[in-house]
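Colleague: As a plain string of letters, each chain reads:
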Amino acid sequence: MAKTPVTFTLNGREAATFVDPAANLLDVLRRGLGDLSPKYGCGQGTCGACTVLIDGEPHLSCVTLAETIEGRTVETTNGLQDSAGLHPLQQAFMDGFAAQCGYCTPGMLMAAKALLDRNPSPSREEVIDAIAGNVCRCTGYEPIVDAILTAARAPRRTG
Amino acid sequence: MAVEFRKDLFADERDDDLNEIGQPIIRQDILGHVTGRSPFYDDHLYDGLLFMRCVRSPHHHARIRSVDAAAAERMPGVIRLIRPQDVPVNLNTLLSLISFGRDDEPLLAEHRVAYKGEPVMAIIATSDRAALDAVARVRVDYEELPHVLDVEDALKPEAPVVNETYPNNTFDYHDRYDHQKLRFGDVEAAFAQADHIVEGEYQMSPIEQAPIETCGAIAAPETNDRYVCHTSTQALFFSLGTTAKLLDMPSSRLHFIGGTVGGGFGGKVDSHHEPMAVLGAMLTGKPVKYMWDRAEEMQVGAPRGGERWRLKDGVMRDGRIIARAFTGFFDAGAYTRLSSYAVQKATGHLPGPYMIPNVASNVYCVYTNRTPSTAMRGFGITAVDFAIECHMDKAAETVGMDPIELRILNAYRDGDMKAHRRAAKNCALIESCQVVAQKSGWPLSAEAMAQSSLFGGGIGERGVIPETVTDQAGQIGERKRSGLAPEPFAGATARGHVPAGTATDHPATGNAPQREDMEIEAERLGFKVTRGASAPGQTPASPMPQPQPAATVAPAAPRPGAGPAMPPAYTAPAPASQQPVAPPASTRPQPTPPTPPAAPAPAPAAEPYKPEQPFQRGVKRPGVSRFISGSRRR
Chain S
1 MAKTPVTFTL NGREAATFVD PAANLLDVLR RGLGDLSPKY GCGQGTCGAC TVLIDGEPHL
61 SCVTLAETIE GRTVETTNGL QDSAGLHPLQ QAFMDGFAAQ CGYCTPGMLM AAKALLDRNP
121 SPSREEVIDA IAGNVCRCTG YEPIVDAILT AARAPRRTG
Chain W
160 MAVEFRKDLF ADERDDDLNE IGQPIIRQDI LGHVTGRSPF YDDHLYDGLL FMRCVRSPHH
220 HARIRSVDAA AAERMPGVIR LIRPQDVPVN LNTLLSLISF GRDDEPLLAE HRVAYKGEPV
280 MAIIATSDRA ALDAVARVRV DYEELPHVLD VEDALKPEAP VVNETYPNNT FDYHDRYDHQ
340 KLRFGDVEAA FAQADHIVEG EYQMSPIEQA PIETCGAIAA PETNDRYVCH TSTQALFFSL
400 GTTAKLLDMP SSRLHFIGGT VGGGFGGKVD SHHEPMAVLG AMLTGKPVKY MWDRAEEMQV
460 GAPRGGERWR LKDGVMRDGR IIARAFTGFF DAGAYTRLSS YAVQKATGHL PGPYMIPNVA
520 SNVYCVYTNR TPSTAMRGFG ITAVDFAIEC HMDKAAETVG MDPIELRILN AYRDGDMKAH
580 RRAAKNCALI ESCQVVAQKS GWPLSAEAMA QSSLFGGGIG ERGVIPETVT DQAGQIGERK
640 RSGLAPEPFA GATARGHVPA GTATDHPATG NAPQREDMEI EAERLGFKVT RGASAPGQTP
700 ASPMPQPQPA ATVAPAAPRP GAGPAMPPAY TAPAPASQQP VAPPASTRPQ PTPPTPPAAP
760 APAPAAEPYK PEQPFQRGVK RPGVSRFISG SRRR
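In order, the protein sequence lines correspond to chains S and W. Note that the first sequence covers residues 1 to 159 in the working numbering. Note that the second sequence covers residues 160 to 793 in the working numbering.
Okay, chain S solo, but in the shape it has when bound:
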C-alpha cells in the first residue's frame, strides 16, 4: 500500500509523516508522532477521549482520516501548556478535582478549549453542551463543568 505524505501544524510546530491510506488521525498522532495525549476509548466516535482541535474546531481523531489534515492546524492537550505554565483550563481542572482516572481528561480539555476560544464567557448550559460528546465514567460531570466555568473567569493570558 502506498503511503501518503502529510504535513500539518501540530501544536504550533510543523509536522510531517507518511500515513497508510486508511490510517486515522489518532493512530498517526500517537504512534506516528508520539503525541500520546489523545486517548483511544471507543474507536467509533462516541466517547470523545480522542478529541483534538483541527483549525480550532473539536474533532474526533479516531474517526478522522489522517490524510484529510494536510495543511491544517491540529491542537492537542500536549500543546496546552506553554512557557507561561499551565493553561487556565488545566489549572482549573487541577484545583477543582475535575479528573479522577484522567483518561477522558485530554478530550474534555480540548472540547472545553474549543468552547472558550470562541466564547470566552459561556453559560453553564453552553459548557454542558460543549462537552456533551465527551464521556466520563468516574469523576462525574459537575466538577468538570465547574472547572471550565472557573477557567473562563480566570484572567486572560497574553499571547
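In case anyone wonders, no lab produced these hints; they're calculated from the structure. A couple of the hints might just be wrong.
SDA-like, lysine to any residue: derived pairs with alpha carbons at most 20 angstroms apart [claimed, not checked]:
| # | chain 1 | residue 1 | chain 2 | residue 2 |
| --- | --- | --- | --- | --- |
| 1 | W | Lys340 | W | Met560 |
| 2 | S | Lys3 | W | Asp206 |
| 3 | W | Lys639 | W | Lys445 |
| 4 | W | Lys445 | W | Ile238 |
| 5 | W | Lys340 | W | Val226 |
| 6 | W | Lys471 | W | Met560 |
| 7 | S | Lys3 | W | Gln503 |
| 8 | W | Lys315 | W | Leu304 |
| 9 | W | Lys445 | W | Phe350 |
| 10 | W | Lys445 | S | Arg31 |
| 11 | W | Lys275 | W | Val320 |
| 12 | S | Lys3 | W | Ser286 |
| 13 | W | Lys275 | W | Pro243 |
| 14 | S | Lys3 | S | Arg72 |
| 15 | S | Lys3 | W | Arg288 |
| 16 | S | Lys3 | W | Pro198 |
| 17 | W | Lys445 | W | Arg239 |
| 18 | W | Lys340 | W | Gln503 |
| 19 | W | Lys275 | W | Lys340 |
| 20 | W | Lys445 | S | Gly32 |
| 21 | W | Lys471 | W | Thr324 |
| 22 | W | Lys340 | W | Pro243 |
| 23 | W | Lys340 | W | Phe350 |
| 24 | W | Lys275 | W | Ala289 |
| 25 | W | Lys275 | W | Tyr301 |
| 26 | S | Lys3 | W | Asp287 |
| 27 | W | Lys639 | W | Thr285 |
| 28 | S | Lys3 | W | Phe350 |
| 29 | S | Lys3 | W | Gly236 |
| 30 | S | Lys3 | W | Gly207 |
| 31 | W | Lys471 | W | Val357 |
Cβ-to-Cβ under 8 angstroms is the rule here; a few derived chain W residues that face chain S [to be verified]:
| # | residue |
| --- | --- |
| 32 | Ile189 |
| 33 | His192 |
| 34 | Val193 |
| 35 | Gly195 |
| 36 | Phe199 |
| 37 | Asp201 |
| 38 | Leu204 |
| 39 | Gly207 |
| 40 | Arg453 |
All C-beta atoms in this analysis are idealised placements derived from N, C-alpha and C, irrespective of residue type, glycine included.
Starting from the structure of chain S, add chain W where the hints point.
Modeller: Positioned in the frame of chain S, the structure of chain W alone reads:
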C-alpha cells in the same frame, strides 16, 4: 461502649485530627492527567510493536469440531497464531491464588465454548488491521449445543452442563452443598408465629463497568530472560500470579508495571490480557499488544453479575421483623472468576443491618452460558441491598408504618448478635436514618428521634446466638438427580439443632479471632490498642440470661450510662416457641413483659446522636511518631 475510631488506635503515633474532610485537596496524580502525560499502559511506545486479536465464538454454547487457520496464516502481516495447545497451563480459576475453587476456565477454549465471545485462538500481526483481517479468515467448525441463559433454568435437571468442572451448574460450597447456607434461629417456627408474611422477588441485571480505557496489556522481552508487561490491571499482583501460573514460569521472570488505570470499577481484575500478551512476547520474541476494542469490552468484558433474590419476612403488627429468609441466585456466567466469593460476601451481609432473630438463606452461584461475571463496586452486596431495602418498604406498607421508623425499630445496635455470629459494633443505621429524615424534611416521631445505636443493643436475646435449626437440603448433585426445586427451609430433610450460645462459647464459632490477632499485632508493631469493654471475650459466659425487664438486664457489653428504658418494641423479640423438636423449656425465654415507653432522660455519656453536631474528636496525644523516630521497628 463509645464509638471506636480507627484513629484512636494510632493516636500516639500519628498527629491525626481528621481536619482534611471538607478541605480542597490536589490529587497527587492530577498534573499528569491534565497535561496528558499520565502513563497509561498504551502510552508505552515500542518499535516493531505487534498486535494481537482473538478469534471468538459466535455461539453461546458449542463444541469445536475443528479449526482451519491455513488461510489466516497466509495473510499478509501475520506473524504467529496462538492455539490453546500453546498455553503451557491452559486451565485456571482466578481465586486459585487463594486456594478457593477448582480450575475451570481455559485461557483459549480448545474443545468447547460456553459463552458468546469466548476466545478460541489468537493471531499476532504487524498491525491491528492485519490481525483483524486474519481473524476473519479463520474457519471454526462448531457443533451448536443447547444453552441456558437463566439462573433458575440452569438448576433444572434437563439443563445443559455449562461448565464441566461443575456439572451441576452450581459452585460447590464446603465440598458439600450446591449453595452457601446461613442458618440462625428457626425461620419456619417464627413464620408460624408472625402476624404477617411479606414476600418479594427482586432482579438485578448484569452491569458493564464500561471504563473509558478498554482493558489491555503490552508485553515485551527484557534482558535477563525476563518479560516486561505494561497493563491496565487493577490487581497487579493478582495478574502477576495468574500469568506465572498459566505460563508455568516463576514470577521473578515477570516485570509487571501498572498503577495507572483509565477507570476500572472492578472490571480490570480478571487477568486475561497479561498472560496473553506475555505469551505473545514469548512466542514471537517481539513486543506484543493485546487490547480490547470497545465492542469486545462490552461483549466479553466481565460485568457485574445479574442476581435474583427472593425474600420472605415474618413481621409482627408493631413492625418488628422476627424472621427473614433469602433465596438468592447469582449469575456467574460460564466460569467462576469471582462469583463464588461474591456469594459468600452476600451471605455474610445478610440479613442487612437489622436485628432479626431468625435468619436463613440459600444462595446459589449458578453457571449459565452468559459472559462470565466479575467484580464491580460492592458486587455481592449491591443487589441484595437493593432487594432488602425494597423489602423493608414493603414490610412497612404491610403493617402501615413509616418506612424510616420501621428501619430504626429493627436496626442493629451495638452489642446485637449478628446472623453470622459476631457482635455488632460501631452501628450507625439509626443515626443515618435520623440524618436522612432531618435533611430531607421527613417527619419522624420524637420516639424515633430519641433512639440511638449506643443503647438497647445486646440485651437479653439480642446478644446471644439462638438455638439454630439446621438441615442438609441441597447436597451437591441432589438437585440434578431429583429435579427438586430450590425451595429451602421446608424441613423436608433431616433437621438438626445447634444449641444456643454466645460468640465465645458457641460450638459453631469458637473464639472470635479478630481481637486477639489485633492485640498480637499491636504488641509486635507497638500500636496502642484501646482497652474498651467491647471484646467478645469479655461478654458474660452464661448462654441465655433469664428474661427480665430490659432496663435491668446487664448488657452484654457494659457501657457508661445504661440509657433510657426501651419501649416494648425494642425489647427482646418474642421467642419462636413452636420448635419441631422442642428444646428444653428452661432455655426458652418467655415473652418479655412490656416496659414503660421511652422516657428521654439521656445520661451524659449516652446522649442521642445529634446530627447537626460533629462527632467528638479523640484525644490527641503528644509525642514523636514512631514512623519518624524508627523506634517502631522492634
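Colleague: Indicate, hint by hint, whether the structure satisfies it.
Modeller: Results for each hint:
no.	hint	in the structure
1	Lys340/W - Met560/W	violated (31 angstroms)
2	Lys3/S - Asp206/W	holds (19 angstroms)
3	Lys639/W - Lys445/W	violated (49 angstroms)
4	Lys445/W - Ile238/W	holds (10 angstroms)
5	Lys340/W - Val226/W	violated (43 angstroms)
6	Lys471/W - Met560/W	holds (18 angstroms)
7	Lys3/S - Gln503/W	violated (57 angstroms)
8	Lys315/W - Leu304/W	holds (17 angstroms)
9	Lys445/W - Phe350/W	violated (66 angstroms)
10	Lys445/W - Arg31/S	holds (17 angstroms)
11	Lys275/W - Val320/W	holds (16 angstroms)
12	Lys3/S - Ser286/W	holds (15 angstroms)
13	Lys275/W - Pro243/W	holds (17 angstroms)
14	Lys3/S - Arg72/S	holds (19 angstroms)
15	Lys3/S - Arg288/W	holds (15 angstroms)
16	Lys3/S - Pro198/W	violated (30 angstroms)
17	Lys445/W - Arg239/W	holds (11 angstroms)
18	Lys340/W - Gln503/W	holds (9 angstroms)
19	Lys275/W - Lys340/W	violated (32 angstroms)
20	Lys445/W - Gly32/S	holds (19 angstroms)
21	Lys471/W - Thr324/W	violated (33 angstroms)
22	Lys340/W - Pro243/W	violated (37 angstroms)
23	Lys340/W - Phe350/W	holds (19 angstroms)
24	Lys275/W - Ala289/W	violated (23 angstroms)
25	Lys275/W - Tyr301/W	holds (12 angstroms)
26	Lys3/S - Asp287/W	holds (17 angstroms)
27	Lys639/W - Thr285/W	violated (49 angstroms)
28	Lys3/S - Phe350/W	violated (77 angstroms)
29	Lys3/S - Gly236/W	holds (16 angstroms)
30	Lys3/S - Gly207/W	holds (18 angstroms)
31	Lys471/W - Val357/W	holds (6 angstroms)
32	Ile189	holds (5 angstroms)
33	His192	holds (3 angstroms)
34	Val193	holds (4 angstroms)
35	Gly195	holds (3 angstroms)
36	Phe199	holds (7 angstroms)
37	Asp201	holds (7 angstroms)
38	Leu204	holds (6 angstroms)
39	Gly207	violated (12 angstroms)
40	Arg453	holds (4 angstroms)
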